[in-house]
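Novice: Chains A and B, in that order, give the protein sequences.
For the first sequence, the numbering used here gives the first residue as 1, with consecutive numbering after it.
For the second sequence, the numbering used here gives the first residue as 1001, with consecutive numbering after it.
Quick caveat, the hints were computed from the structure, so don't treat them as lab data.
Since this is a predicted model, take the numbers as computed values, not measurements.
Please note that a few of the clues may not be correct.
[Stated by the list, open to error] Below, a sample of chain A positions facing chain B; criterion: calculated Cβ distance under 7 Å:
| hint | residue |
| --- | --- |
| 1 | L43 |
| 2 | D47 |
| 3 | Q77 |
| 4 | A78 |
| 5 | R111 |
| 6 | T249 |
| 7 | V345 |
[Stated by the list, open to error] The calculated lysine-lysine pairs, modelled on DSSO-like cross-linking and capped at a C-alpha distance of 27 Å, are:
| hint | chain 1 | residue 1 | chain 2 | residue 2 |
| --- | --- | --- | --- | --- |
| 8 | A | K522 | A | K437 |
| 9 | A | K42 | B | K1097 |
| 10 | A | K42 | B | K1072 |
| 11 | A | K469 | A | K505 |
| 12 | B | K1008 | A | K42 |
| 13 | A | K83 | A | K42 |
| 14 | B | K1137 | A | K41 |
| 15 | B | K1008 | B | K1233 |
| 16 | B | K1062 | A | K83 |
| 17 | B | K1130 | A | K83 |
| 18 | B | K1187 | B | K1097 |
| 19 | B | K1075 | B | K1008 |
| 20 | B | K1128 | B | K1191 |
| 21 | B | K1233 | A | K41 |
| 22 | A | K42 | B | K1137 |
| 23 | A | K357 | A | K415 |
| 24 | A | K6 | A | K83 |
| 25 | A | K391 | A | K437 |
| 26 | B | K1187 | B | K1130 |
| 27 | B | K1122 | A | K83 |
| 28 | B | K1072 | A | K41 |
| 29 | B | K1122 | B | K1204 |
| 30 | A | K261 | A | K309 |
| 31 | B | K1137 | B | K1072 |
| 32 | A | K437 | A | K469 |
| 33 | A | K42 | B | K1204 |
| 34 | A | K469 | A | K456 |
| 35 | A | K6 | A | K261 |
| 36 | B | K1072 | B | K1128 |
| 37 | B | K1204 | B | K1130 |
| 38 | B | K1137 | B | K1233 |
| 39 | B | K1137 | B | K1005 |
| 40 | B | K1079 | B | K1233 |
Note that beta-carbon positions come from the ideal geometry of N, C-alpha and C, so glycine has one too.
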Amino acid sequence: MRDVPKRDVKQVVYLLLGRPFPRWDERTLDVSWAIVSSVIKKLARVDDHTLIEALNKTGDLGAAAEEIFRERKLKKQASLIDKELTISDVARSLESIAELVGEGARERKERVLESILGQADPDEIKYLVKILLGEMRTGFNEGLMELAISRAFGVDTEVVRRASMLSGDLGEVAENAKLHGSESLRKMKFRFFRPIRPMLAQNAESLSEILETHGGRTALEFKLDGMRVQIHKLDDKVRIFSRRLTDVTSSFPEVESTVKKGLQAREAVLEGEVIAVGEDGSPLPFQYLMRRFRRIREADATLRAIPVKLFLFDLLLVDGEILIDSPYIERRERLSEIHGEIPVVEQIITEDVEHAKSFFEKAIEQGHEGIIAKNLNSTYTPGVRGKNWLKLKEVLEPLDLVIVAAEYGHGRRHKWLSDYYLAARDGEEDRFYVVGKTFKGLTDEEMSELTETLEKLAVRREGRRVHVKPEVVVEVLYNEIQRSPKYECGLALRFARISRIRYDKDPRESDTIQRVREIYEKQFEKKSRYRVEDRF
Amino acid sequence: MSDAKLLKDIIVAIATLIDEGTFEITPEAINLREMDPSRVAMVDFQWSKSLFDEYNCSQPTKICINITEMLKLLKRAGKGDSVELTLDEERRRLNIKLRGKYVRTFSMPILEAAVEEVPTPKITFNVKAKITTDGIKEAIEDAALVSDHVSIEANEEELIMRAEGDIMGATIEMRKGEGALLDLEVKEPSKATFSLSYLSDIIKAASATSEISTIEFSTDMPIKIDFPIREGKLTYFLAPRIEA
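Bound conformation, chain B alone (with noise of 0.2 Å):
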């Protein structure tokens, strides 16, 4: 693909959940889905075979990667670099080549795959909300200010942030069609706490696939937040606190 950066900022968001993860490559498109090891988060990512400029894949096959590494070596390409990623089933190895004002080839190991396959968890969502990244990101900063947990409820006008830390709280309105909060469907009032710990590492480590973001959630259900990137996708799952 002509565009490095666009592959470091997958990776970007995929590690912050993930140190090892297993892509499934098909002849359509690239596939990862798996749960950080506390079982509290999941990322979602797919890549159709259109976004590339070239993409060959005669068969489905599996590749495990040490993401953290795959990281390091993606942050060394250049502006403007392109990226070719080729797989070396011989050598049990994958080539990354970087191409700018010269070329480099990295190579770095597959490892054996979990077997373990990640089910998509089946929830229905009462609410649904588009905002803008950078507003879900300041909100989700100015509650990390106070707590270390966030709460989330919508009701048909206005999406509420509550945070409340032993000494301080704060509190986020976003009206609906004014501002960060582009959109708001509500089925039904709903309400979930969620570790900001979680919130802002992945809010943070997603921010550069999308300038929108959509979350949906349902009272004391996981939240789904999903940026819509370019001939693909990019979602996040992430399981409540459920305050007693």
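Only chain A is shown next, with the shape it has when bound in the complex (with noise of 0.2 Å):
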């Protein structure tokens, strides 16, 4: 960044980040996989098979075009004319592209990527296709970014961090820090409709362990199985984006609606949480919120059929005030005078644990997902997985699965069998049911244990999955049971992740689909069921 030319240091940090534009931009390249994999065959004159081989010993399409045109370059293929590809060409290129649309634009985009691609290095085209199919995967992030600029400009993180979270755009703070040091960054102000990073937080053990951390005195509040949101609200004007901080506006009109009339400031930063309501205003599972994310054309109908409601938590900037400084009581105490018709999430304050106990038991009863403790004291910090927030879920007891086909990983984990599919034993027949895949859980040193020992039971391969004989049994966390049309038991664990392989167990005695069905619908004893069609 200090190398660079002034101009070019805005998108090196965005290319850095492993994104053609700064985050809050609505722009996207829409390039797909098939389009980069045909453009890359194309210039490095290989074939299917080619490419292939180079996918399965690399592990991604970003690698796996280095490989071959390093390949390449061995047999010293010169060019006609050497030109050295720069920055701005690659910010150009990549606008461009963000701009074809429509009939023919498949065909504009190619000859854009041939032109970029065809003046890489191989190193370039490895990060210029990661960055083009957003699969960077460097482990780089924001964070490291604002560090990364801090010592670059010699100004002070504090100052960096805060820029970066006002204006959403660490671009513009390199751009600053460089061109006129850190008083400038002091004086980047909050843009709206620019995202700001949520706070997260961390898991706690027990409400014993929250009070203790918190300090004897603690904030409770219900954790709903929802989707986090975050709503900025500029006179007339709504947005409201998801934890990934990308715009969901338009599938959630009736909240758009409710916080343009309900809410009681012409200006206002908001966290909430959007949840799917019974009929009898009780939580359905969350994945009756995701059919909102459906095809549009679907949107009217899925909006009747599965109403939403917006709960809201949190305040981070009212009236041209900002909050995130401020401690969290005080946020909430505002937040109280604005929100007017559109509720809050419960919240308690207490110092004592049977208190917090039968706060939390509310909270499952109502069929909530657990309680978020919130440290009265403390600030926002965006981005930040602190012990100032601190979660804890009602636990599903664990299930013994076995896994029967695994799959090989991308990237790092290219050599290894990373992605399982996890199966529970019918107990009237003799058969398996696949419930469940999860890359999650497992270290490296498990990881590579795992193949070589799934290798050795495998009985049939398809590209890089390989199926194995049902014998090695694993215990698996998850958060919930949904129904799926994705495999053929019709039931999916959600988040499963593994937390231990169990060599010791033997497949027969492990949990069966029977079992699996039982605990599905138990948690329908609190939650409310999406009419009939749920019942088996």
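Put the two chains together into one complex; each comes in its own frame, and the hints tell you how they fit.
Specialist: In structure tokens:
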């Protein structure tokens, strides 16, 4: 960042973060894997077979392209004219790709891609492909970029963090730091409709641990099982952002109008949870909310079928006043002054474990996920998962499931069978039903060991997937059991992760599909059921 | 112009390297000079106005065309069809009128032109060989049987192509004045290696435009392949593979 020309620093920041544009920018490249791979094949003059071979060796398209072009360079194919690809060339190409829509857009995108990738070195190709496909996966994130900017330009880290948080644009922050120094960063203002990264909660084990961590007194809020949203309101304009900071306003028109009409403030940045509710007003399982994100054409019908409701829980800005440095208790107080008709998440402040326990039980009783505890004096720290917010959820009993197939992973995990199909045994017939798939929970060592074991049990291969004899039992944690058309049994574990490998356990002692159904049914003792279709 | 086939053959020859290209149209001639996306090969084409039965251009203009699409349209031309190209500047479209047993008019969009100017490579060539197009086409096909690259070398008497594959090899010798090699001028014995995939595409695509072709090269420098066409030029440059 120090060495690049002034005009390029912004773009360098976005590219290093693996993005074509700043985070708040709604433009998308809309470049598919198929387009990129066909361009690579064409430029390198290789066939499908060569590409697939490189993919199997490397695990992702960026690295495969690098490999192919390096190989080609080994053969020393010279170019007629050597022209260095510049950052501004790349920036211009990315912009023109984003502008291409409608008929013939795919072909025009291909031409632009051919032209930039045609000028790039093998290692440039690798990262360009990753950026084009949104698969940077370098582990380099915004937090590290803030540190880098602070060091590169000698600006205090806190000043960088704050400027980044308010402006939502690290490119602008870096540019200001390079051109005008520290003082200009202090002057950077909050920009509406550029979402702030959400503050996150750590997991807690118990209520007593929570009280102790928060110094004996804490605020507890229901943890709703919905979608966390950040809402920006400026006069008559309201935008809703998801936890991943994408604009989801069009999926929640009634939330937009509720805020427009109900909020008693001209300007505000709010946080809340949107949940799907049943006919009696009690919460529905999370998956029903996700139906909102299906094809747009269906949006109207879906809207009528599944009503949603917004519950507010935090206030980060109100009428020109930024509240992120104010303590939680004050922010909540200010929220209570302006929320009007819009409900806020139920909350108590307590010093007493018993009181906390009955509040937790009430949350579970009403069909919520659990509780979040918030340190009364804590400020809002965007993007940070700290101890000031702690979450406690009802734990569903772990299941012992059997691995019936596995897939080789991508990137760093390409050498390992790292994505596992988890199955429950049929207690009546001699067969297994897949109920989930996960790549979470195991260490590198365990994965490598498990790969060896599974390879010995292999019965059939389909591309990267290996079907194995049902021998290995794993203990699996999950957040919920959902209905799902994906698997034959009609059920799927949500957020499944492997807690340990049970080499000691016989697959015949593993949990049954009947047991999985029982747990699924049990969820509805508290949660509202969505019509009769859910019944088995 | 009275023969649509002439235009089709040229577009075939251009389409082998590029999908999209910018024609520069001046009161005197039509020009196109483009590199393939990976910048390994270039096509340099010109047709002077005298080739056409009728040619009207009052001021120079550039039009960027999807060559692949244009070729599809031109392939519809029947034997003996005449062709008329007109630019509708207002609607930013190129109209292609084919006249035969009946009249067909296709129209296609003018695209946003790329800004980049393509310079001509400046190379001193030490070898110049005039070969029948059929002869060089056959030789390239022979070499492509055994390998994906071919070395071309020349001394005063002969031109030799060598292809070494993993298993098989091929040597093709052409003596000056005998058979395919019509003429050979050598300032300095030279040798260079080229990708057969490019070389065979270029020669195949351009073979319909001329019965004779001229190649010029120097050691480890790009090769220039020239197809003398009526009232114009069709020249290719191809970058070499540099053997370690």
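Novice: Against this structure, judge whether each hint is valid.
Specialist: Hint-by-hint comparison with the structure:
no.: 1; hint: L43; in the structure: 5 Å, holds
no.: 2; hint: D47; in the structure: 11 Å, violated
no.: 3; hint: Q77; in the structure: 5 Å, holds
no.: 4; hint: A78; in the structure: 4 Å, holds
no.: 5; hint: R111; in the structure: 5 Å, holds
no.: 6; hint: T249; in the structure: 33 Å, violated
no.: 7; hint: V345; in the structure: 52 Å, violated
no.: 8; hint: A:K522 x A:K437; in the structure: 22 Å, holds
no.: 9; hint: A:K42 x B:K1097; in the structure: 32 Å, violated
no.: 10; hint: A:K42 x B:K1072; in the structure: 20 Å, holds
no.: 11; hint: A:K469 x A:K505; in the structure: 15 Å, holds
no.: 12; hint: B:K1008 x A:K42; in the structure: 24 Å, holds
no.: 13; hint: A:K83 x A:K42; in the structure: 20 Å, holds
no.: 14; hint: B:K1137 x A:K41; in the structure: 25 Å, holds
no.: 15; hint: B:K1008 x B:K1233; in the structure: 15 Å, holds
no.: 16; hint: B:K1062 x A:K83; in the structure: 24 Å, holds
no.: 17; hint: B:K1130 x A:K83; in the structure: 32 Å, violated
no.: 18; hint: B:K1187 x B:K1097; in the structure: 48 Å, violated
no.: 19; hint: B:K1075 x B:K1008; in the structure: 7 Å, holds
no.: 20; hint: B:K1128 x B:K1191; in the structure: 12 Å, holds
no.: 21; hint: B:K1233 x A:K41; in the structure: 31 Å, violated
no.: 22; hint: A:K42 x B:K1137; in the structure: 23 Å, holds
no.: 23; hint: A:K357 x A:K415; in the structure: 46 Å, violated
no.: 24; hint: A:K6 x A:K83; in the structure: 21 Å, holds
no.: 25; hint: A:K391 x A:K437; in the structure: 25 Å, holds
no.: 26; hint: B:K1187 x B:K1130; in the structure: 15 Å, holds
no.: 27; hint: B:K1122 x A:K83; in the structure: 16 Å, holds
no.: 28; hint: B:K1072 x A:K41; in the structure: 23 Å, holds
no.: 29; hint: B:K1122 x B:K1204; in the structure: 26 Å, holds
no.: 30; hint: A:K261 x A:K309; in the structure: 15 Å, holds
no.: 31; hint: B:K1137 x B:K1072; in the structure: 25 Å, holds
no.: 32; hint: A:K437 x A:K469; in the structure: 16 Å, holds
no.: 33; hint: A:K42 x B:K1204; in the structure: 18 Å, holds
no.: 34; hint: A:K469 x A:K456; in the structure: 9 Å, holds
no.: 35; hint: A:K6 x A:K261; in the structure: 45 Å, violated
no.: 36; hint: B:K1072 x B:K1128; in the structure: 35 Å, violated
no.: 37; hint: B:K1204 x B:K1130; in the structure: 17 Å, holds
no.: 38; hint: B:K1137 x B:K1233; in the structure: 19 Å, holds
no.: 39; hint: B:K1137 x B:K1005; in the structure: 21 Å, holds
no.: 40; hint: B:K1079 x B:K1233; in the structure: 24 Å, holds
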